[in-house]
Amino acid sequence: MTERRWYPPSRPRAVENGLKARSSRGAIGSSWWSRRFLEVLESFAMGNRLTRGRAYARKGQVVSLEVTPGEVRAVVQGSRVRPYRVGIGLAPFTELVWARAEIALSEQALPSAKLLAGEVPPELEDLFGAAGAPLFPRAVKELDQRCSCPDREVPCKHLAATFYLLAEAFDADPFLILRWRGRERESLLRRLRELRADGPVDEPDELAEPAPAAAGAALALADLPPPAHQPDRFWLPPAPLPARPATLHVEPDLLLRQLPTPGAVLGGEALVAKLRTAYQRFGAAE
Amino acid sequence: MWGEDSSAPATLPRKPGRRPRVQPHPFAAAHEDLMAALPAAGAKATTSTVTLALPTRGGGPIASPELVREEFDAVAGLVGSGQWQVPMLEFDADLAFAVLSDLDAEAAVWGASVAHLSHLSGFAADLVARGRLLPGVVGEGPRAVWRPVLIGADAAWARTLAMSAASSLFAAELGAGLDLWAEALDCLVDAAARAALGSSRLMLGRGGDRATRAWLAALSGGERTFSVDPSAAAAIARALAEWQRDAVAGPVRACFRLVEPVGDGEDWQVGFALQAAEEASLVVDADAVWRSRGKLPALARYVDAPQETLLAELGKAARLYSELDGALRTARPTCLPLDTKGAHRFLGVVAPMLATAGFGVQLPGWWTKPSSRFGLRLTASTPGQPARVDGGNAGLGFDSVAEFRYDLAVGGEVLTADELAELADLKAPLVRLRGQWIELDARRLAAGLKFVGRTDQATVGELLGLGLGVALTPEGLPVEAIDADGWLGELLSGQTERRLAPVEAPASFAGQLRPYQSRGLAWLDFLHRCGLGGVLADDMGLGKTVQLLALLAHNAGTGPSLLVCPMSLVGNWQREAARFTPQLRVHVHHGKERARGKRFTDAVGASDLIVTTYALAARDAADLRKITWRRVVVDEAQAIKNAATKQATAIRSLPAGTRIAVTGTPVENRLADLWSILEFANPGQLGSAATFKKRYAEPIERLGDEDAAERLRRFTAPFILRRVKTDKSIIADLPDKLEMEVVCNLTAEQAALYQAVVEDMLRRIEQSDGIERRGLVLATMTKLKQVCNHPAHFLRDGSRLAGRSGKLDCLDEILEEVLAVGERALLFTQYAEFGAMLRAHLAGRFGREVLFLHGGVPKVNRDAMVARFQADDPASPPLFVLSLKAGGTGLTLTAANHVVHVDRWWNPAVEDQATDRVFRIGQRKSVQVRKFVCAGTVEEKIAAMIHEKRGLAARIVGTGEQWLTELSTSQLAELFRLEAGAVVE
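So the sequence lines, in the order shown, correspond to chains X and C. Start counting the first sequence at 1; every next residue gets the next number (the working numbering). Start counting the second sequence at 287; every next residue gets the next number (the working numbering).
Derived from the structure by calculation, the hints contain no laboratory data. As the structure is a prediction and not an experimental result, all values here were calculated from the model. It is possible that some hints are incorrect.
[What the hints assert, rightly or not] Quick list of simulated restraints, FRET-style, between CB atoms:
1) C:Ala976 x X:Pro242: 28 to 36 Å
2) C:Leu466 x X:Glu107: 18 to 26 Å
3) X:Gly70 x C:Leu466: 19 to 27 Å
4) C:Ala316 x X:Pro242: 53 to 61 Å
5) X:Pro225 x C:His405: 19 to 27 Å
6) C:Asp771 x X:Arg257: 47 to 55 Å
7) C:Ala584 x X:Arg257: 30 to 38 Å
8) C:Lys627 x X:Arg257: 15 to 23 Å
9) X:Ala139 x C:Ala442: 56 to 64 Å
10) X:Pro242 x C:Lys736: 53 to 61 Å
11) X:Thr277 x C:Asp771: 40 to 48 Å
12) C:Ala574 x X:Pro225: 55 to 63 Å
13) X:Ala91 x C:Ala574: 37 to 45 Å
14) X:Gln230 x C:Asp1083: 19 to 27 Å
[Said to hold, decoys possible] Calculated cross-link-like contacts (lysine to aspartate or glutamate; reagent style EDC-like; alpha-carbon spacing at most 16 Å):
15) C:Lys581 x X:Glu102
16) X:Lys59 x C:Asp515
17) C:Lys1227 x C:Glu1103
18) C:Lys1211 x C:Glu1109
19) C:Lys1011 x C:Asp906
20) C:Lys1023 x C:Glu862
Beta carbons are placed, not taken as given, at the ideal position from N, Cα and C, and that holds for glycine.
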């Protein structure tokens, strides 16, 4: 790394509640699409300069990150009192390009199904490419990188840190890539529904939010009435137990196969591999 | 865990002044006693005290019904709730799981709440074994935990379990609601997972995040907390929630329906639909979902955006079933076309997986029907005929050799050569044959083709083994059916009892057999002539003893028979044999003075029937094995249901011509018991215990495999005769009311107490006369009856009840059968205090509510009890203890059809009146009345006098016990004397 002489060795100020990169070691980005995003950036010969931002991202120097159509905005705390403002512009697709892409999307259920299930299907990149709307920038000049820091190097540490956090944000919500390119999740889904229905459609009140917790006994009992404690039936079961219904035979690691790849902070596929040995032991224990 | 102590007083000494709000519990068990009940784990527990909210009346906590108390609570008054402080043992989750998984039924009477938690730990272990759990992070600290994932059948079972928890489980936090229960299951699942992982540790390689590695490591071993800063823990929690979101389905889920091809050459299809999770019948096809422009009226209650829901669901299902990706290449996918191979995989592998993951799955009905399977059919010709007269069974039995031919069959129909050739060409795993789809394993078909038309030889035992699948055909093909002619065909038909000509009892049998008993005799005789064993499992009250005695009389040939029964029934057998088969020479092998070695062999040589107990059969096995028994009969065969016990092994090792197991408890419900009992009757019939468990017990009990259940039923039915009272062919033969005297033996302790009471009386009676003498005689009578009931009834020391009274053992056996068939019983006693003991003992023994009516119960409570007992609800209390005085008249208790008079008033009119609580208008079942007397005691002698209407009988009837006082001292000594044979041990 080239450190300019006339700069005093700077140490960034600590940030409380900064957005920390969740993976503290190894590669950032656990899904193919966020890795692909970083790959694209690295292919612009930004590789070296990018790595400068990784430590920043992990330390939590990024105060906020927002993805809007055409522009990613971030606030990054550097060594000065005043945090720097970072902007990464990427031209949104025109309505015409979006219309083509949406028609292509609507002709197959697969991409929508995967997007809604929390994954970006590999076909998506090709599909957008064919519609004349490449998802990822093809040249570095498509990216308008701005930072309020005095460093003239592009990308600076602050921009680089922002790229890393952006990749992680894509992991968590694949629709963010499309939003950056100019389409909100809801309007995209409505448009696709219209195309499938071949005409205008009802507006859903609100898309159902997924349940927050998946495991724990309380979930299964949620709507049961509280037990009625009658003093004269205090000691006895309210009803004798019926016979237990049979269960189907499945492999003990079914749950692991059913779930998507866990996030980077959990170690991604490496966690699943570890847990799989545990589940096999569960199945063998009896 | 806390407990009650029956030896402590029921209430605290009253102190002046207001009662404090929280008081120490007067009869809670001390820490040391709790630890003593759990020798292994108790020492590791933490001791503390806890305040419980318990039902309280008259200033004292109401004891649990399982507590055995000398005095019964006659305290009237309103039941409220009070705060009571009790000593308790605290266990951490790992220790609690270990304790609950292995409760020692002998160490203490476990309350309903402990039994419930034990159930819960079994459920937790099962969830872990099936991988129905996910790792998580909770709380400050933070802690790494395993949590159950409850969907489908598991969620339903959890709800059932939760709703069956007694309030006593919540005594420490009555307001806590079901969250407390959920927490208990969570903790037990976590502990079960750690127990299953044992010493293996979960470690991520060097690459991972430090906090994640700490979290993962804390998922194994005993240490659950791991130290990371709160923000890192929160990040893990967020990532986990995101990752695990799809483990539970939302209110609407994708449903996959396998549809058969319509015409030849067409594809199978897996149709897509949306299904409401709570209303399985509410299914909307994908087609309709795509046509909708937004909301779907049918599903509007559950989802706003059905199209996106369907898409998301399909996306999730594709993670498990990658073939789905292919179907999603169109804009509005409605189904996945499959070839036959794909359909077969969907049925066998994919469907169970999708269903367990929470998706809806609908399969064609034939898939689960056994008739759609393909297998071998054996046609055997009978090796010889069963001998018409009794003269040994040479050439018959499991060892006789039969010749048979192989064919291939589906659903009971033999395939023609043309059909076979056609099938062989198809090479498809699912084929349509005569309009019916069947599963066809190409390898099996190829193997099967080699068999067609071949003939072979095997013993009858081997043939049956082939049928059951415990022995394999050379190519591993399942045998779908066995056809045979002659006696083997008769046997395999499973209809033997109905098809055989009834056998009348011989002239030497002093009694009349009912028609169904004659058919039972024919069945027993047929099996005997075939050289085979069987299980006589008729409902209680149908006269199993009589049928067996008739069999003994019918083929009274050479060689002794051995009868093994619980100690409590020895006297009964002895007397029934004397009554029905007076010519049968019976030798009872029991007691300290029993014949051993040469003397025993001589005694056997001079007898037709040897009666002994299970305990002695095990202890004296060496002597018993020296005899080649013509027949070994085990009565109350549940005693050998645990195949591995010393008792069961010893009894199986006895050499015998044929073996009969007698039981009134349905044996087919618990398959391990069935194996053990049939292994006794026909050794080797069901294969080894391990094979049986793998092929039958687990598939049927855990997976609900109908195919295996049907096969097992088909091949065991010939050896089990079970007729129930409600059978149409039986009910007509049954009397409306059946009265029997049940003769119980005394335990050694009872006999010793009995002797002491009699000697004490005889010593004192010489010095007394007039009113004093009368008082002494009546008091002695009362004491003797108490001793006959139970030592604890006489001693009034609140001591342990189980295993000390012959009557109580008899009662346990009878009630076990009553409860097993879902019937109800009234139990009458003259003594309210004994009634209280019975209630406590029975509630603990059977885990069911036992009602108790005595003179101190206010009318309102009595009416409520009657109403609850009579209610047509399976949850109603099935047992009702009544004191003869309080419950003998006026009440209608027709929900019961069993009456037991545990002790006697010697007044038939009073007893009949009590019996009439049950035997009256509204009774739809045949009523069974049992009157208990103890063998060799005053009880049996008075009963005999009444029977024979001799001597004093006329004076006895209707006068209660006053007449006793008029007897001379020598008459009294004679009447009260304990006869030999009273004790069997």
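How the hints compare with the structure:
1. C:Ala976 x X:Pro242: 28 to 36 Å: Given range 28 to 36 Å: holds, Cβ gap about 29 Å.
2. C:Leu466 x X:Glu107: 18 to 26 Å: violated, 53 Å
3. X:Gly70 x C:Leu466: 19 to 27 Å: violated, 53 Å
4. C:Ala316 x X:Pro242: 53 to 61 Å: violated, 38 Å
5. X:Pro225 x C:His405: 19 to 27 Å: holds, 21 Å
6. C:Asp771 x X:Arg257: 47 to 55 Å: holds, 53 Å
7. C:Ala584 x X:Arg257: 30 to 38 Å: For Ala584 of chain C and Arg257 of chain X the Cβ distance comes to about 31 Å; the hint holds.
8. C:Lys627 x X:Arg257: 15 to 23 Å: holds, 22 Å
9. X:Ala139 x C:Ala442: 56 to 64 Å: Because 58 Å falls inside the window, the suggested range holds.
10. X:Pro242 x C:Lys736: 53 to 61 Å: Cβ of Pro242 of chain X to Cβ of Lys736 of chain C: about 47 Å, so the range 53 to 61 Å is violated.
11. X:Thr277 x C:Asp771: 40 to 48 Å: Since the Cβ atoms of Thr277 of chain X and Asp771 of chain C sit about 57 Å apart, the hinted range of 40 to 48 Å is violated.
12. C:Ala574 x X:Pro225: 55 to 63 Å: violated, 35 Å
13. X:Ala91 x C:Ala574: 37 to 45 Å: holds, 41 Å
14. X:Gln230 x C:Asp1083: 19 to 27 Å: Check failed, 33 Å falls outside 19 to 27 Å.
15. C:Lys581 x X:Glu102: violated, 21 Å
16. X:Lys59 x C:Asp515: Holds - the C-alpha atoms of Asp515 of chain C and Lys59 of chain X are around 14 Å apart, at most 16 Å.
17. C:Lys1227 x C:Glu1103: violated, 29 Å
18. C:Lys1211 x C:Glu1109: Roughly 10 Å separates the two Cα atoms, so the pair holds.
19. C:Lys1011 x C:Asp906: Violated, at about 37 Å.
20. C:Lys1023 x C:Glu862: violated, 19 Å
When the structure is compared with the earlier hints, violations turn up for hints 2, 3, 4, 10, 11, 12, 14, 15, 17, 19, 20 and for no others.
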